[in-house]
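**Student:** Protein chains in written order, with this note's numbering: chain A, 71 to 179; chain B, 146 to 258.
Simulated from the structure, these hints should not be mistaken for laboratory data. All C-beta atoms in this analysis are idealised placements derived from N, C-alpha and C, irrespective of residue type, glycine included. Take these hints with a grain of salt, some might be off.
Which stretches of chain A does chain B cover? Using the computed rule of at least three CB atoms under 8 Å from a CB of chain B, they are [to be verified]:
no.	stretch
1	135-149
2	164-176
Some chain B residues flagged as far from chain A (calculated, every beta-carbon gap over 12 Å) [as the list claims (entries may be wrong)]:
no.	residue
3	Asn210
4	Ser214
5	Leu223
Derived DEER-like restraints, expressed as beta-carbon distance ranges [stated by the list, open to error]:
no.	chain 1	residue 1	chain 2	residue 2	range
6	A	Gly86	B	Gly198	46 to 56 Å
7	A	Glu137	B	Lys159	52 to 62 Å
8	B	Pro251	A	Lys129	17 to 27 Å
9	B	Asn210	A	Pro109	28 to 38 Å
10	B	Ile199	A	Glu85	42 to 52 Å
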Amino acid sequence: GQQVMQIPQYQHVQEGEDFTTYCNSSTTLSNIQWYKQRPGGHPVFLIQLVKSGEVKKQKRLTFQFGEAKKNSSLHITATQTTDVGTYFCAVLVRNQFYFGTGTSLTVIP
Amino acid sequence: NAGVTQTPKFQVLKTGQSMTLQCAQDMNHEYMSWYRQDPGMGLRLIHYSVGAGITDQGEVPNGYNVSRSTTEDFPLRLLSAAPSQTSVYFCASSGWDGQETQYFGPGTRLLVL
Chain A
71 GQQVMQIPQY QHVQEGEDFT TYCNSSTTLS NIQWYKQRPG GHPVFLIQLV KSGEVKKQKR
131 LTFQFGEAKK NSSLHITATQ TTDVGTYFCA VLVRNQFYFG TGTSLTVIP
Chain B
146 NAGVTQTPKF QVLKTGQSMT LQCAQDMNHE YMSWYRQDPG MGLRLIHYSV GAGITDQGEV
206 PNGYNVSRST TEDFPLRLLS AAPSQTSVYF CASSGWDGQE TQYFGPGTRL LVL
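Taking the hints into account, I'd like the entire structure generated from these sequences.
**Tutor:** So this is what it looks like as structure tokens:
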């Protein structure tokens, strides 16, 4: 299946610090999506990127798609306790979604 | 709109038992899918459907069956439960609205003894 590697697996930050998670693929991707899952909850769609070098922002969240369309990142500026959860990337290939293993973010107040 | 609903929320089965996990959506989405989520493994696609009457296998289909007789419903059947099927199961739907946004149900936590 499509391999999408996501790092790091875990990240603990002090409230107010920044956070970044990365997704990497060995092949060129046509798109990449990001989801957030709160503890005990279900994944919630955040954004989709499709263009080379694309950068999108949602308040304190910045999403990037690499120029070669083989990697993507999610950056959170000045984390808050509401940012706690697991962040997943996902790619759609021939009608099938492949998810990264996720980065679990803990924010220490 | 209720979105995507799943029943039951929790289930305990004995090895060898069969059961059906229910999934329904009221958004008239063509695409529906089932995932299992295990610690450290992310979400893995079990089966998916691009419309009523059409189903296909995902990454981990063994031990599971699906059918799609209506746009709204996409049940997942465990034929003979095994402890390896202990997991959290999520159903999702997508309207293929140009963003392929997936909307997930609340999940079913399954324990197979």
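**Student:** Does each hint hold? Answer for all of them.
**Tutor:** Status of the hints after comparison with the structure:
no.: 1; hint: 135-149; in the structure: violated (count 0)
no.: 2; hint: 164-176; in the structure: holds (count 8)
no.: 3; hint: Asn210; in the structure: holds, 18 Å
no.: 4; hint: Ser214; in the structure: holds, 20 Å
no.: 5; hint: Leu223; in the structure: holds, 20 Å
no.: 6; hint: Gly86/A / Gly198/B: 46 to 56 Å; in the structure: holds, 53 Å
no.: 7; hint: Glu137/A / Lys159/B: 52 to 62 Å; in the structure: holds, 53 Å
no.: 8; hint: Pro251/B / Lys129/A: 17 to 27 Å; in the structure: holds, 25 Å
no.: 9; hint: Asn210/B / Pro109/A: 28 to 38 Å; in the structure: holds, 31 Å
no.: 10; hint: Ile199/B / Glu85/A: 42 to 52 Å; in the structure: holds, 47 Å
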